[in-house]
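Enquirer: Just so you know, the sequences run in chain order A and B. Just so you know, the first sequence maps onto residues 1 to 501 in full-length UniProt numbering. Just so you know, the second sequence maps onto residues 1 to 231 in full-length UniProt numbering.
Hints should not be assumed to be uniformly reliable.
Computed Cβ-Cβ distance ranges for the label pairs, DEER-style [stated by the list, open to error]:
1) A:Thr462 x B:Lys71: 37 to 47 Å
2) A:Arg379 x B:Thr58: 21 to 31 Å
3) A:Arg379 x B:Glu3: 43 to 53 Å
4) A:Arg379 x B:Gly41: 52 to 62 Å
5) B:Thr10 x A:Ser382: 56 to 66 Å
6) B:Lys15 x A:Ser358: 21 to 31 Å
7) A:Leu340 x B:Thr40: 25 to 35 Å
8) B:Thr40 x A:Trp339: 37 to 47 Å
9) B:Ala66 x A:Arg362: 53 to 63 Å
Since the hints were made in silico from the structure, they are not lab data. Beta carbons are placed, not taken as given, at the ideal position from N, Cα and C, and that holds for glycine.
If you want the building blocks of each chain, they are given just below.
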Amino acid sequence: MFGTYLRRELVNRRKQTIIISIGMALAIGLVILVNSISAGVQGAQASVLQSVYGVGTDITISQAATAPTAGANPGQFAFGSGSGTTSGGTTTLNQSTLTITRTETVFDATALDTVKATSGVSAATGTLSLTNLTFNGQLPSQSQSGTGTGTGTGTEGGSGSAPAAGSAATGGADGAGGSSFDVNNFTVLGLDPSGASVGPLSAVTLASGRLLTAADVGTDNAVLDSSYATSASLATGGTIDIGGTTFTIVGTVSSSGSDSVTASNVYIPLDVAQTLSSNAGKISNIYVTAASSSSVDQVASALQTALPTATVSTQADLASTVSGSLSTASSLVSNLGTWLSVLVLAAAFLIAILFTISGVTRRTREFGTLKAVGWSNRRIVSQVAGESVVQGLIGGAIGIVVGLIGIIVVNIVAPTLSGSASATAAGTASGGGAAGGPGGGGFGAAARAVASTTVTLQAPVTFSIILIAVGLAVLGGLLAGAIGGWRAARLRPAEALRSVG
Amino acid sequence: MYELTNVTKTYNASKRKITALDSVTLSIADGQMVAIQGPTGGGKSTLLQMLGALDRPTSGEVRLGASMLSKLGDHKLAEIRAKEVGFVFQGFNLIPTLTALENVETALAPLPVSGAERRRRSAEALDSVGLAERYGHLPAELSGGQQQRVAIARALVKRPDVLLADEPTGALDEDTRDEIMELLEGFWRDQGLTLIIVTHDSAVARRAERRLHIKGGKVTEVEAPAPAQVG
């Protein structure tokens with residue numbers, strides 16, 4: 001009887017069934033879509049973060065920057081009187097310094113042991129973030145000033161119109177013409193060649209050559225970011241000057257993300273980086289993988305306790321560093337999307353409840369009659385609730401279809417979002433006042449750890465989203481049914497039939 | 001066997017207290033056919049609700065056979081209605097979305113009867129009111145007389161001891177009224193029912209073996225032909 005009555009009610013009161021179901025379907029479809037897009041945006045954020053922090057990095061540890069001590073001036077070039085080679089009145093200078101990246105602060109590598117000893121840490125690796133500055137150019141000798149031959153090698157110099165003798169005796173190098181120099185910088189990351197499972201190099205694709213291996217410890221071998229290698233006209237098998245040492249380029253890597261650069265321009269073994277930059281036993285960052293994704297927060301707080309002066313960041317903290325249209329999408333989904341879902345869901349529930357109540361009121365006489373023929377309150381309440389739940393489920397089923405269509409549309413349209421994440425507040429290294437004059441060369445591209453990635457938004461469909469939708473449908477139906485049923489149960493049969501007598 | 005002792009029922013209606021039944025003492029023997037008449041608002045419907053286990057009196061006792069209706073809870077009253085009392089209403093009160101057969105089945109739903117048995121008995125009941133060809137019709141597809149026949153089948157399918165009819169012919173034309181009354185009288189005679197009919201219609205009331213008049217909540221026996229009724 002329950003089933004027959006229920007079916008008859010739903011079929012013969014089609015209008016009410018359709019309105020409630022459509023309201024529920026729209027709401028649930030929207031919830032599915034928003035949930036899915038939200039998961040997609042999170043995935044996109046993770047992919048941007050991966051290009052900076054590497055796959056599997058749950059936590060990063062760094063040290064807050066401190067003011068430099070007096071006299072310290074990282075990246076300063078120091079040219080002695082004997083520096084360079086002078087020939088033909090022109091001094092050729094070539095110096096390269098390898099220093100800690102400005103915004104980074106080094107700390108003792110023993111912190112890595114502390115991290116590894118912390119419970120819940122599955123893997124950890126330390127890196128040293130450096131900037132290499134190269135000064136490369138020619139300067140006319142001071143003593144030659146004023147006696148220029150008029151055929152200076154400088155491109156700025158006026159050929160054949162040499163200044164009168166003595167007039168430029170106090171003039172600067174550039175004033176004399178003939179100066180040409182280039183200040184170039186690139187980022188260098190010292191890392192443990194054997195620890196590629198965590199850290200920046202875990203998120204890269206090998207473009208040519210090979211990656212650094214355990215055998216590279218202590219060797220002057222380097223791996224280059226392929227974008228940087230291209231822009232600097234370097235290739236596998238060639239050499240690169242880092243901090244005055246010539247390194248062999250053993251391979252190039254590109255980011256796993258689309259058109260993105262990797263975390264650093266150049267990668268070298270950690271121990272070599274420490275020696276070259278005079279930072280023996282020091283590191284600037286630690287990358288940590290937690291044993292389980294659910295324990296990340298616990299591990300992070302344990303690490304913070306173990307290393308009180310360090311800055312411990314989790315992926316969730318890092319997600320907030322993602323900027324660009326991805327971050328707009330993220331806030332759009334989390335704010336507008338969520339509120340819209342809540343609003344539409346509330347409206348759908350309200351529609352279902354109001355329709356059920358009005359249905360019960362309209363059917364007062366019907367329920368009164370059923371009570372008169374001996375139906376108990378429980379039987380009537382379950383009948384009303386049953387109708388509402390089925391309406392909710394029909395709405396839920398249509399809603400899942402609507403949601404899936406929405407997801408398919410999103411995936412077909414595949415909107416692209418660009419996001420950038422800065423691992424550190426990457427300062428553009430300046431050349432310590434060395435750059436000056438019209439002949440000054442341009443700075444090399446400093447792309448330290450600012451990964452700008454274009455991500456195609458893919459809205460995934462997960463079982464849990466479908467489960468949530470079905471749960472909401474049942475909840476909406478139960479809510480409407482409970483309220484409607486309560487109304488029906490409160491009807492006194494005598495009152496329900498009063499209109500009759 | 002109905003036994004009503006000093007039954008009073010009052011309602012509170014916007015500060016005013018309405019006494020629908022005023023110390024009614026009454027007994028109705030099993031198998032009697034009783035007509036209840038009286039002006040609108042006189043207490044007819046309230047009395048029927050007391051007899052039908054739809055409501056409890058404010059004071060006094062209502063007994064049906066061994067059951068003290070005035071003392072039972074809602075659940076027990078529903079059980080009594082399901083087993084012992086059949087109702088027929090003026091407006092037929094069929095469930096509009098259910099077919100004739102399914103409407104009859106609703107009366108058996110609260111009883112421990114299998115689905116097949118329920119359908120068989122319902123079909124029999126419809127056959128007995130002359131609607132063998134109308135099982136699958138919705139109420140809207142039936143005439144007033146046919147709808148009332150379905151309602152009678154629904155009231156009788158559980159084989160009750162008592163059939164309470166509230167203006168059963170009030171919405172029908174004269175010919176149909178007579179058909180319905182003959183049908184009810186037939187069941188009353190054949191099944192030994194106690195048949196209690198509330199009616200405005202003296203022609204209907206005259207068919208009863210006992211007539212009660214209720215006015216101002218007081219019940220009186222009518223010995224002679226009924227007084228002229230308005231409406």
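Enquirer: Provide an ascending list of the numbers of those earlier hints which the structure does not satisfy.
Expert: 1, 3, 4, 5, 7, 8, 9
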